[in-house]
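Trainee: Below are the chains, spelled out letter by letter.
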Amino acid sequence: EDKVVQSPLSLVVHEGDTVTLNCSYEVTNFRSLLWYKQEKKAPTFLFMLTSSGIEKKSGRLSSILDKKELFSILNITATQTGDSAVYLCAGAVGTSYGKLTFGQGTILTVHP
Amino acid sequence: GAVVSQHPSRVICKSGTSVKIECRSLDFQATTMFWYRQFPKQSLMLMATSNEGSKATYEQGVEKDKFLINHASLTLSTLTVTSAHPEDSSFYICSASGGQLRGYEQYFGPGTRLTVT
Numbered sequence: 001e002d003k004v005v006q007s008p009l010s011l012v013v014h015e016g017d018t019v020t021l022n023c024s025y026e027v028t029n030f031r032s033l034l035w036y037k038q039e040k041k042a043p044t045f046l047f048m049l050t051s052s053g054i055e056k057k058s059g060r061l062s063s064i065l066d067k068k069e070l071f072s073i074l075n076i077t078a079t080q081t082g083d084s085a086v087y088l089c090a091g092a093v094g095t096s097y098g099k100l101t102f103g104q105g106t107i108l109t110v111h112p
Numbered sequence: 113g114a115v116v117s118q119h120p121s122r123v124i125c126k127s128g129t130s131v132k133i134e135c136r137s138l139d140f141q142a143t144t145m146f147w148y149r150q151f152p153k154q155s156l157m158l159m160a161t162s163n164e165g166s167k168a169t170y171e172q173g174v175e176k177d178k179f180l181i182n183h184a185s186l187t188l189s190t191l192t193v194t195s196a197h198p199e200d201s202s203f204y205i206c207s208a209s210g211g212q213l214r215g216y217e218q219y220f221g222p223g224t225r226l227t228v229t
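From first to last, the protein sequence lines stand for chains R and F. Counted the way our numbering counts, the first sequence spans residues 1 to 112. Counted the way our numbering counts, the second sequence spans residues 113 to 229.
Hints were generated in silico from the structure; no laboratory data involved. The beta carbon of each residue, even a glycine, is placed where N, CA and C say it ideally should be. Just to be clear, a hint being listed does not mean it is correct.
[Said to hold, decoys possible] On the chain F side, residues computed to face chain R include the following (Cβ under 7 angstroms):
| hint | residue |
| --- | --- |
| 1 | S155 |
| 2 | L156 |
| 3 | I205 |
| 4 | F220 |
| 5 | P222 |
| 6 | G223 |
[As the list claims (entries may be wrong)] A few chain R positions that, by computed beta-carbon distances, are all more than 10 angstroms from chain F:
| hint | residue |
| --- | --- |
| 7 | E26 |
| 8 | F30 |
| 9 | S52 |
| 10 | N75 |
| 11 | T81 |
Using the sequences provided together with the hints, build the complete structure.
Mentor: See below:
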């Protein structure tokens, strides 16, 4: 059975701190690893990682995938209160029409 | 592009009634749509995968007779919760994928909060 595990489950930091969120996966026919940010409604897409070792960046957020260790991290630098959310990672299957298996999420709280 | 809508955004129904939730891809053709369920403080659990014109594939433990999925066109999928019970109260989210042409990326709808009284 496919499995995605995130750590930590929750994290409380102050504005300006840097955080690293972890995601390990065991996904049959793995194609890519996706990161989403979820606030009050449905998840919004952050990154899709397919190749190992290539960092993707978007502003203060960056992410990288290690396909040998079956692991990905999401970094957020200079955190802001608006970064408070649940961060979800998901493994995408190469068959089955791109089915996603989600991790349990990391709840990030950024205090002013 | 890649906008997915859901309707209704929030619904309250009585125990024993059925509720239909619509998921539409507004600006692309969704070859595959996915239905997820999310309980408070938990992650998204895939319920079923549906491809246009064919029967949905349900995940283990999801009752197909209770959660009826229809994917009648490339822009619309519906989830009907039949004979709803309070334990069906949850946040239901759909996503739509344009398949290989769009890199299999899934675009999520805004979700529907179902409360069964």
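Trainee: For each hint, tell me whether it holds in the structure or not.
Mentor: Outcome of the hint check:
Using the Cβ-Cβ criterion of 7 angstroms, the hint placing S155 (chain F) at the interface with chain R is satisfied: the shortest such distance is roughly 5 angstroms. Interface restraint check: L156 (chain F) against chain R, minimum CB-CB distance 5 angstroms, threshold 7 angstroms, status holds. Here the hint on I205 (chain F) is kept, as its CB sits about 5 angstroms from the closest CB of chain R, short of 7 angstroms. Taking 7 angstroms as the C-beta contact cut-off toward chain R, the hint placing F220 (chain F) at the interface holds, the least distance being around 4 angstroms.
Given the 7 angstroms rule on beta carbons, the hint for P222 (chain F) holds: about 5 angstroms separates it from the nearest Cβ of chain R. Nearest Cβ of chain R to the Cβ of G223 (chain F): about 5 angstroms, under the 7 angstroms cut. The hint holds. No beta-carbon of chain F is positioned within 10 angstroms of the beta-carbon of E26 (chain R); the least distance is around 16 angstroms. Against the 10 angstroms criterion, F30 (chain R) stays outside the reach of chain F, whose nearest CB is about 12 angstroms from its own CB.
Every beta carbon of chain F lies more than 10 angstroms from that of S52 (chain R), the smallest distance being close to 18 angstroms; the non-interface claim holds. Distance check on N75 (chain R): its Cβ is at least 21 angstroms (rounded) from any Cβ of chain F, clearing the 10 angstroms threshold; non-interface status holds. At roughly 20 angstroms from the closest C-beta of chain F, the C-beta of T81 (chain R) stays outside 10 angstroms, upholding its exclusion from the interface.
In terms of the numbered hints stated before, the structure departs from none.
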